[in-house]
Amino acid sequence: MGPLLELKQITKQYPTSFPLRGKGKGVEALRDVSLSIKEGEIIGLVGQSGSGKSTLGEIILQLEKPTEGHVMFAGKNLSTVSKKARKQMRRDIQMVFQDPYETMHPSFTVFDTIAEPLRIHGWRQKEQIRKKVYETLAQVELSPVEDYINRFPHELSGGQLQRIAIARAIVLNPRFLVADEPVSMLDVSIRAGILHLLKQLNDTFKLTMLYISHDLSTVSYLCDRLAVLYKGEIVEIGPTKKVLESPQHPYTQALLTAIPMFPHNRSVIV
Amino acid sequence: MITVRKASKNQLVRRILKDPFALIGLILLLLFLIVAIFANFLAPYDAYEIIRAENGEIKKLYTPSIEHPFGTTNIGRDLFSQVIFGTRTAISVGFIAALLVTFVGVMVGLISGYFGGITDIILMRIVDVFYAIPFIPFVIVLVALLKPSIWNVILAISLLSWRTVARIIRSQVLTIAKRPFIKAAIVSGAGHLRIMVRYILPSVLPIALLEMAFIVNSAIMTEASVSFLGLGDPNVISWGQILHTNFLTGHSQTAWWWVAPPGIAIVLLLLSIFFLTRSFEEVIHPRLKRRS
Amino acid sequence: SSEKGEKVADDELGELAPSFTVLTATPEENYITYEAMKMISEEWKKLGVDVTVQPMDFHAKVDRLWAPDERDYDAFTIGYSGRVERLDPDMFTYTIFHSSLAGPGGSNTTGLVNEEYDKYSKDQRHEMDPEKRRDLVFKAQEILADEVPVVSLYSNTLVHAYNHERFNELPAMAGEGVFNEWMPTEAEPLTDDKWLKIGGIQDLDTLNPIAAKSVFDWRQLRQIYDKLVRLNPQIEPVPSAAANWEVVNDKTIDVFLRPNMTFHDGKPVTVEDVKFSYEFMDKWNDGYLQAFLEPIESIELLGGETIRFHLTEAYAPFITATLTQIPILPKHIWEKVEGNPLDFANLEPIGSGPFVFEYWRRGEELKVSRNPDYYNNINVDGYIYRVYGQPEAVLSALRTGEIDTHADRLISAHIQQAENIEHISTIEVADIGFEYLGLNLRRAPFDNEAFRQALALTIDYDTILDVYLEGYGTKGGPGLVIQPANEFWHNPAAHQPIFDPKKARDILREAGYNWDSEGKLRLPVN
Amino acid sequence: MVSFIVKRFIQSLITLLVVATLIFFMFRLMPGDMTAALIDPSIAKEARDQVIKQYGLDQSIWSQYLIFLQDLLKFDFGQSFYYKRSTLAVLSDKFLATIILMFSSMVVAYGFGVFGGALIAWKRGSFLDLFWTTFALIFRSAPTFWVGLLAIYVFSVTLGWLPHSGIRSPGYDAKHSFDLFFSVDFLRHLLLPTIVTGLFYLATPLLLMRNTMIDVLGEDYIEMARAKGLRERRILFHHAMRNALLPVVTAGALFIGSALGGQVMIEYVFSWPGLGQEMILAAQRHDYPLAQTAFLLMAGLIMMMNVFADIIYAFLDPRITYK
Amino acid sequence: MLQVNDLYVNYKRDNNKAYVIQNLSMKIRRGERLGLVGESGCGKTTLARALLRLLSPNAVISSGQILLDGEDLLALSKEQMRKKRGKEIAFIPQNAMNALNPVHRIRDQLIELLYEHTSMPKKKALETIRAAIHSVDIHERHLNDYPHQLSGGMKQRIIIAMTLMLQPTLIIADEPTTALDVIVQQNILHKLRTMQEALNSALLFISHDLALVSSFCHTIVVMYGGKIMETCRMEQFLARASHPYSIGLQYASPNFSMNGEALITIPGMPPKLTELSKGCQFHERCPFVSDKCVSVEPKLQQIAEGHKVACHYVSEAQRFRREAKEIATWERRR
Ligand SMILES: Nc1ncnc2c1ncn2[C@@H]1O[C@H](COP(=O)(O)OP(=O)(O)OP(=O)(O)O)[C@@H](O)[C@H]1O
Ligand SMILES: Nc1ncnc2c1ncn2[C@@H]1O[C@H](COP(=O)(O)OP(=O)(O)OP(=O)(O)O)[C@@H](O)[C@H]1O
Ligand SMILES: [Mg+2]
Ligand SMILES: [Mg+2]
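Protein chains in written order, with the working numbering: chain A, 826 to 1095; chain B, 4 to 295; chain C, 477 to 1002; chain D, -18 to 304; chain E, 8 to 341.
Source of the hints: derived by calculation from the structure; they are not laboratory data. Bear in mind the structure is a predicted one, so any value in this text is a computation, not a measurement. Check each hint, because a few of them may be wrong.
Claimed, not checked - Below, computed lysine to aspartate or glutamate pairings styled on EDC-like, alpha-carbon distance capped at 20 Å:
#: 1; chain 1: A; residue 1: K1024; chain 2: E; residue 2: E333
#: 2; chain 1: D; residue 1: K65; chain 2: C; residue 2: D693
#: 3; chain 1: B; residue 1: K186; chain 2: A; residue 2: D924
#: 4; chain 1: B; residue 1: K63; chain 2: B; residue 2: E52
#: 5; chain 1: E; residue 1: K279; chain 2: A; residue 2: D972
#: 6; chain 1: A; residue 1: K1024; chain 2: E; residue 2: E338
#: 7; chain 1: A; residue 1: K1056; chain 2: A; residue 2: E893
#: 8; chain 1: E; residue 1: K91; chain 2: D; residue 2: D57
#: 9; chain 1: E; residue 1: K90; chain 2: D; residue 2: E213
#: 10; chain 1: E; residue 1: K85; chain 2: D; residue 2: E213
#: 11; chain 1: B; residue 1: K63; chain 2: C; residue 2: D936
#: 12; chain 1: E; residue 1: K24; chain 2: A; residue 2: E980
Build out the structure end to end from the sequences listed, making use of the hints.
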């Protein structure tokens, strides 16, 4: 069985729109990135800010078109699929974004937010929709469901919102999930919950995931494999443990030392 | 960043109740609306009726009295009735023009901002062209061209005013379209139409509503100006026209009761809308909130 | 149902009187006419006539009335302004009613065709004896009163104000009021500031007397350019640049030029200049002066100061209209003008008139100073003609003392206000211009004389005068074109401004009209 | 920078051309043609035909349009039907009068608006804030012509402090043309219309400035400036206002368009011999070429102001680079 | 050096009041780096602003004392306070991206600080700012740049250079690196530390990143719901954190242990602060809650030298630390 998702030599150039980036040549956000992800795997993508992590995620979701290269999903080239297949693709690949508040339409209730993908994909029966929404909310461990169903985003905490964002992403039973820094905006005290949840989804539904982060510590917690992106290129890739324990690329090494860590012996070395 | 919240309805009500100016604005506006709707019942005379005293003499230039609260014109027309019917004209011109303008402006702004690219460029160049046209002269010429009628005044106002709305909505759409919840919608598989109608439109609506209020005012003002120049609809009484007739017949420095009421009516109506919009603005743009 | 109570079924009656539209003035163009026509139409509706009143932009209306191809209108209101040359009855009797001009584009807008009338109106043109001519004009007026192709609605009283602290009473003239040809030269300053300031709402359009076509141009240019003859305040022709003249016969007139006159640039005024001016004007002018020049066959210089005009036919208005209108141009300047002299801006006009041009700031003001070499005495140092946006501003200027007098008549409402100003006095004179209702006789229902007479009886002349004009004017009447102010030519016996709707019904009934059960007017059956 | 200006300029020219086209066709559709003005019972039909021919009115509208475009490229705006002179010559003085009034009232509106807006944002919620916003909104709600008439009545007619109309006293003898527009006498005439117009437009910059200022005052760099221990005045003028000015400038350029058009009313009431006055007259007289040119001049002016505002903007905001 | 006594701050809102800082007392000594951690919205920034007296107009310091070298800042006139800001008290804001005025050159923004607080001649001032930005490894040609021409890290370094230029005795850094990359963050903290040590000034370091604080500061203050929950020296905190919230925070931080221990989540939401609470601020989320916690407010009590905790059950801290490792413990409160 081949990989579920395959990135083939993806290059992405943004036309320059920033004054200082020089004329003519665009910003090269990604250069020749290839990556394949097996079904059921969680792969982590780390890298410095601006290294192209989000861009990669957006290319997978067809929110951006790669300048070169293409994305293969379940054996199909996503940039050439038919309209119908594209709609199917929208069910199969989902995304969770960094800022949970910003990804919710401010005037949609929780129910609307989660029911929206169902409606888009042709669910008509009210009762069915309701059932599915409740079920999904339960899956993301928001209970009692009734408490949340009629709330607006600003009436919820960040952690709750992120759960709802995940609920929205999984309500269509996708096969692949891109999570772009889903916890970086959240307080430490509630981060773990979201990470647990993602892990759980992976376990129970074999949901394949691309987990994007700049924070090595959460990656190590969640991911099977780890890819390090540096200036638009994948400089290192391998099983998480291996990469963390013996980083090969200087950037990975620098990254590792830069992470603020509790002093190992738990006594201060100030 | 402007955000729409369902709760803002309550917030708006609360704001208005708390802000004495907005409250005054609301009461005034409601008053004007009532006057406009029930003009037929409220006006004691027809706007153009020439009123004669019992001895058959025409009541020329009567100063205000109980019978004629705003006095009469030089040929015995009841100014109170004229001002009341003028209210109806002002309100209808204002609101009809504003609805038209807002509709067109929002459509253009939405399409331009959402699709971007060449569509945006073309639409925005058209907006530029319309921005280069001086407003009142255009209305004057167009109205003269199409015959002075109230509908043509509305049309002329609308033909130009949408430029502002389109521009503002477009920039609003641009910021909203960049917001992650639009991306989230795309990811969920929503099409262009759905995104525009269900996601972007509600978010720009408050701004559109705000702009609409300004258009109401500018339309009323423009109609008054055009009518004051004598280019308005001669068969529809309006505040501007009352002042025009006064000026034309040379009574502007003597018959104060003829000059003051329509002018004050314009001031009050526009002011009431301004006061309301200010409260509204504070709700949709919370930073403006007075911190007391 | 008829008044006598006889039941006549509707279908036995004649056809419904055709509905018609009156093209009238917009309130801005003429508020009084606009309101008056509104009132009149109400009266007509009571008479059972289906009438629509349509205010129409002046230009569009003129376009329609004088359209070169067809006469597409039912009735209209319009006015003639009281220019001085219109004191001569020719225009009001011949030009606008003679049947030869009734075709498309012609000036006979009502389409009056009446042989007897044609004869009188034509003959008066050629009658050089004023008394005899007057008889003819009187006859013509009687026919007009009967035929009612037009109903005069009213004529204004010209009221002007002046600052009596700065100037002695200013001379007024019928038709022109205070800002007439004589006023600037005759005004007597009472203070040391001898500059006369005149306000007006109309700027002149050009300084070129050939291209000039509006009264507003002429009122100024005639002070710079002298003319052979002028009409005095009593409307009699008096010598101006001409020392005298002599009617040799019906077709020959000799004019004797006043000696020792100079242009403002110091060059002498010669008979050559006069001949040149008339010929030059004839050649180029395409405005209304043309009509006055047409009868001239040739101009002969008899030596010395004598100029002889040969006419193609006897032309009664020659002295009062032609000689009083044509400006004397300096030949040495105008013969050098290249290209079409109509396009010549003439930014520094040189004439031989009482005032010397100083400057003109378009839209703002014109300044002229006294010509010290002028043959008549002038009391002021000069005058400034100042342009304002609207009458209101003129009144304010009078009030603040910014101007001493003004060119356009005061609107009714301003008269009282002006009189209340301490330093202001007013002068009233009658106008010879008038506003009228014109009926297109070519079309039903106006093709019936009785109908027209009846209409004339439904006009409330009193209300128009008392309310709309606030008393400042004179009443109109059926067929009234030569106004009472034009005392010599006006036939007081001809016209009766009567408001009597009942009589109107009687006339209609007598003429076979009837009313149906709904009160609508039905045409006579024949 | 230069290429940016050139580019904007060319863009403006194209816009102007479109505006010109729009205006051209608009005027051709007017009922009643200009020859109506010439009609007099005594004028010959031939004379009228001649005029029609002279102005090419007998040709098809498309060929008229072509001629119009050609002339435009030659900078020939045509002859006024009414004045029989080049329209540009007729309008040149008026243009100046309009521009001066526009600028002076914009200076008043923007001067008071920008500083006042900054001040009331600084003291928002205070009586001062309430007073100024209400004051500005009252004047924004009152038609200029109405306020103008009242002002004339009070300050000119009753109190006699200022002239009631026109741009110079009658008989004002200018020593040179500069004197015509910059004398005390002229300034006295300018004062009342300027104030009335300025007051009307005051609300726009005032409230816009107030709002953006409030936004700016919430920005982190203002907090930083405070934390640096800078004086309030320096924070207000040096840090906050400079930034708040940016959107106000942009809005100002767009706003000129409606302001310029709205000035028509003031010119009318104050007998100010400007473009607006002339344009109303021209429209009434069906003098297309003149109205057209007036329109184009206004449009041109608006476009110029837009380019100008862009340049100022770029000057004020270093983040803008010319592309 | 800096001593805060019984500080209360509240915000007036449209229709209620938020008691954001309650009964807060703390101390920083010269040369000391004190880390202030706490959840978003617990009042960290408010405290920083209160120290600078830069609170928004609707905030009220209802009581308390802020003593800087024995002088009560709250008693100073506005003008006196202004003179202290920037000179004696430096403030490094969270968001360097926006803390520099976009329309002025870097040089002007640096130099105005000198002009404001000193009477330095221009030449000297230029020298000073040059030296200042050299000290944070930025080339002096950037002095002529506008902020948008610099990267976020550079801007943050410039701000550090700027605020430390006048050698303040107290530095308040409000999450100075949150918006930055880890590598950049490391670099900047290094700079900050060097300079602070050189100046021997006190540093109040605000952050929500426990790992960062633990490796950077001498002492720590854990704040929750406007109150101090625990304060102690860092080694005490790492070894014997005693407040359930502190403990929870530790086990929720992935950096705390890379050994695959399950991370915990503190369920629930932070308190709303609109009412003065009766009991412990944390009781709603605390897995070890008792009735007493709900009704009686625990006092901040000293349990060891320099170690204070606001919990009724400090004696059971040992058990708390053990049980808190387990996810199940925290699940109890869902
Ligand atoms: N729409 C765009 N237009 C132009 N350039 C862009 C656009 N989006 C991103 N970039 C540029 O592409 C590069 C990669 O951006 P991207 O957002 O993918 O980085 P990232 O790794 O997700 O960073 P972060 O950790 O800050 O989210 C950056 O240099 C960015 O400035
Ligand atoms: N001006 C204000 N008016 C009313 N409430 C405010 C104001 N500023 C802050 N608050 C409230 O005070 C509380 C504490 O805010 P503060 O900014 O001090 O938190 P913080 O700990 O710095 O949070 P973060 O980690 O998100 O920066 C929050 O609940 C906030 O909503
Ligand atoms: Mg990213
Ligand atoms: Mg904070």
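Now for the hints, and whether the structure bears them out:
1. For the hint pairing K1024/A with E333/E, the CA-to-CA distance comes to about 17 Å; that is within 20 Å, so the pair holds.
2. A distance of roughly 14 Å separates the Cα atoms of K65/D and D693/C; the hinted pair therefore holds under the 20 Å criterion.
3. For the given pair, K186/B sits about 12 Å from D924/A by alpha-carbon distance, which is consistent with the 20 Å threshold.
4. Pair hint K63/B plus E52/B holds up; C-alpha atoms about 12 Å apart against a cutoff of 20 Å.
5. Taking the CA atoms of K279/E and D972/A, the gap is near 18 Å; set against the 20 Å cutoff, the hint holds.
6. The hinted pair formed by K1024/A and E338/E meets the criterion: a straight-line CA distance of about 17 Å does not exceed 20 Å.
7. For the hint linking K1056/A to E893/A, the alpha-carbon distance of about 17 Å falls within 20 Å, and the restraint holds.
8. Straight-line distance between C-alpha atoms of K91/E and D57/D comes to about 68 Å, which puts the hinted pair past the 20 Å bound.
9. A hinted pair counts as satisfied when its Cα atoms are at most 20 Å apart, and K90/E with E213/D qualifies at roughly 12 Å.
10. Between the alpha carbons of K85/E and E213/D the distance comes to roughly 11 Å, so the proposed pair stays at or under 20 Å and holds.
11. Annotation: proposed proximity of K63/B to D936/C holds, straight-line Cα distance about 17 Å (limit 20 Å).
12. Taking the CA atoms of K24/E and E980/A, the gap is about 18 Å. The hint holds against a cut of 20 Å.
Hint compliance for this structure: hint 8 is the single one not met.
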